[in-house]
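Trainee: Based on the provided sequences and hints, a complete structural model is requested.
Spelled out, the chains give:
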Amino acid sequence: MRLKGILISVFVVLVLALSLAPAAADGHCPQEGGTFTIGVDTFLPMDPNTAAHDWTFYAITNINSMLFRIESGQPVGDLAESWDISEDGTVYTWHIRRGMMWHDGNEVFPEGESREVTAHDVVYSIYRQYDDESSIMAADLRNLFVSAEATDDYTAVLTLSGPDAIIYDKARGLTFTAIVAQEAIEHYGDDYGLNPLGSGPFEFVSYSPDEEVVLRANEDYYIDPCLDEVIFRVMPDVPAAMIALEAGDIDWWGAVTPGDDVGRFLDNEDMTVINFGCPVATRLYMSVDKAPFDDVRFRKALSHMKDGEAINAALRGPTHVKGAGTAGPGVAGYVEGLYDEYHSYDPELAMSLMDEIGIVDSDGDGWREFEGELLEIPMFSWNSDPAPDYVAAMVDAGAQVGLKIRPEIADPGTNNARRIDGEWGIYLGQGWCGEGGTNALWGRNGWISTLGYVDEEIFSLLDQSAQNLNEEEREAQLQAATTRIAAIYFEPAFGFFNIFTVKNNYVKDFFGGEWTLNLVTDDHNVWINEDER
Amino acid sequence: MADSIVELAAGSEIAEQIRPKSFSYIAFQQFIRNERAILGVIVLLLLVLAAIFAEQIAPYDPYKTNYANVKQPPSAAHFIGTDELGRDSFSRLIYGARISLVIGFLVSAVSTTIGVVLGAASGYFGGAIDMIIMRVVDVMMAFPLLVLAIALVAVFGPSQDNMMLALICVIWIWPARLVRGMVLSLRETEFIVGAKALGATETTIIFRHILPNVFPIVVVQASFLVAEAILAAAALSYLGLGAQPPTAEWGSMLSNAKELMRILPVMSIAPGLAIMVTVLANNFIGDALRDALDPTLRR
Amino acid sequence: MKKYIFRRIILMIPLVFGVTTATFALIHLIPGDPVELMMSNARQLTTEEIDRIRDKLGLNDPLPVQYARYLTNLLQGDMGDSVRSRSPVSYEIMQRLPDTLILTVTSIVLVLVFALPLGIISALKRGTWIDTAAMTFALLGVSMPAFWFGIMLMLIFGLHLDWLPTVGQGKTPIEFTRSLILPSVTLSLILLGLVTRVARSSMLEVLGLDYVRTAHAKGMGVRRVNFRHALPNALIPILTIVSGQFAGLLGGAVVIEKVFGWPGIGRLAVDAIFGRDYLVVTNTVLVFAIMVILVNLVTDILYTYIDPRIRFQ
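Protein chains in written order, with the working numbering: chain A, 116 to 648; chain B, 219 to 517; chain C, 13 to 325.
Don't read these hints as lab results, they were simulated from the structure. For each residue, glycine too, the CB sits at the ideal point set by N, CA and C. Please note that the accuracy of each hint is not assured.
Examples of chain C residues lying across from chain B (beta carbon under 7 Å, computed) [to be verified]: (1) F29; (2) G30; (3) V31; (4) A34; (5) A37; (6) I42; (7) P157; (8) F159; (9) I253; (10) Q257; (11) L262; (12) A281; (13) M303.
Mentor: The following block contains the structure:
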């Protein structure tokens, strides 16, 4: 899934690379020191076994070394300087960088008494995730895992039972495996996540839940970090965080920036808007094994009765991207033109489709009945912006064609519980750009689906693509799945939105986060221009 | 000295004339002489009228979306602009009066009724009933009520009705405590003891002697509970636990306006002001009622 | 006296037990469980994985078993682990409790510093414009949604004037104080109006009492009478109000911590309710309850010092 990363707005990267390359290339910092404050909406303890959470991984990937990092969607070396993959894609040989030391000056390794990170630590970290069945180790890797062994101190070999096409994918495959020290895990036990210890560019200093995490530069790292300190500040109220960002109280908002704010920040000369590079679909899905949703014409009617494109544009502002399917432009499996072909606004068509199935208003009260009873469809959604607005838009669109839609908005927990129970109704869905979303909907490759989506051809396309290392073939398989889903299953679509993050311009040489947050690498060394602050 | 002469001279006729209207008449007199009370009543009447005739007053359908016209600033066509779905905020504000008033008065009325019944039973009968009711009240008093209401809404599922139910579940303890205390002290007063001695039934005692004495104070408290309920409902809606979109309700409008706070501050200001005016009118009335009805305050 | 306090503390135990049981029952009535909630994160779990995690967390046991286990552990001082963060609940609570206490205590201090003088002055200057202005201000205060007031403050002082930080908590003492201003002012609004009004009316009441009149009649200076005799007696109802509203203040803190990103226990409780983090909810509510009960206890003890008559009851 290398394509996914190309999603990073090439333009932004280019501009940044051109303007900042000299600083990084010289290997010294234009300005030393300073604190980089990152605002996030939530934060979890930093144990790579439990923290299936982007922002928390931003901290983990600076405290711990990873075998590789993700940069512009591609894997680049980190603890593994390089690696070889066997012809059949089942054996990965990782060559470990020499001289990487565990952080010292803590309870586990007193100052000056640290030791080198070796291939044995890599093996330990992989097995720690594999052996803990409740760990977040990605299902694709768990299913394919055969063994991990250290052939010498600087060579680790990972053997799989089949090729894993998503081993470098964000939040899949090996990207979960941060390298931890056995001594630290044993010393802290269950509290390890509160006292993480690694070999990355920054050392852990303190963790105050729901408040902040403080890291300081690791002076023993193989590259000298320009920053003195990195702080993750937890701000659950996003509008308030946007004010803080503008006021310079935080330097980068690492979580998703709402569409309207992106518009404002685009106009702000002191801010840079960074495209995360993975458009996320907003769409409806439903229990397709239950009437009347089992009739494709009804699903079609649901799609055509609403002006999805206009709704999406209004609610997502400048982040909005037209399209349909789970993969957006630039993501593997994206098929152009699906929206116009299957989801265009056509209330007349929607009404005639419903008439056709016998969903008609026979008692003249303005609302349609189904099998003699008022058809009142619950629409489930979670309660944070802008989800409730999509519901409001659907209720209004339904009213225009005589279809009664009842909003059922709940906190994410309740909403999820309903979906898992497969409650009858329509669900607002979003997230997992690309095949993650498709797999989730169809219950493949470690995802579960409770909504009755069953189609052997789609199953087989998804399963094949998950193990196909040939990018062109993979792309074709995913596109075939997407097209078939659009034509036969009709998941009513609104469109995509781009995820943007926003930084203050005095933060230099910084290009945003993609699961691994690369502040100090061979190509980048983030620094703060205090004169501009 | 002079007073007693007049009293003696006037004899019992005048006293008889005054007496039937004494309490409520004086209370009414006192109430209408209070300028704030009048202001409060006028504002509340206007709000009630707006709520009843929302269809006629509101310039637009509050639920009609218009994607070509979203996030407009205030203008002649849209007094306080349009929201993220292009709906007219002013029309939504007017419809919102309906819901806020219903929430306020319904929650207050129901929880006061429950509170009076349980409080009176607890105070009058004492014993096991009192013991059970008061332990429940004690336990509930130890919770921050908003946290309890949040948990209750989470149990029932977030919706406007469930929010009202949750508020009733937590608010009834105030009138209950108040009424219990009053009944306890009334129970021992001479006229009740006397009535009992004369063979009055319990029903008579409760309905003829106790409740009428409790009533004025309960009305005063109920008027303040309207204000409390509206404020609590706004907080719950702000957390996404109250009226659900697309309902035009002030608290959820505020919650909705969060995202647009800096682009369209008017969307945050207007519903907040509407809540404040409604609550203020209620508090004016509550104050005036207390001055008028609470005999202990009348000096 | 000692006996009285001892008896009160003994009486606390069934109350605390009641609160814990009620919360435990309530939170388990909410549909959905924490493991299902985890699925909204980056990755979905398979059904077997979900079941394994439930087993590991003991969520597959019958409720009474879970409750008994909770109580046994609690008596040994172990509050269990948070499902969401997988760290000990006691740690999470202790991390945040001081922040909530600082916020609420600062608000109470603000209330006393502003509302007391305001109420007393308007009582002394009854009927003047000062009285009218103070009472209007007090009424406005109790009529505003506090979180809305907070947002307005944030817009004005945080963004437009840029005087104060908008969210979060400062690290250095100066920054900390600055970041405390907006949330504590917002929270104090909940009590400000009420206390001003109570201060005024109880001062008025005391001024009308016989012994104050007597003191005046005896030719004592007005100021002396007011502050020596009237004020201390007017304080009792204020103490009652502040302690009686303490739970309300904690409830208000829940919303305000959320608005201002203040890392307090209220926010923890709400997030945990939404996250079905059972043990965190039960234990935070337990801590809330203990705080409220303790405050009431301390108030009752204080009464006996301010007003010796109470001791004989």
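Trainee: Honestly, which of those hints from before does the structure not fit?
Mentor: Numbers 1, 5, 9, 10 and 13, in rising order.
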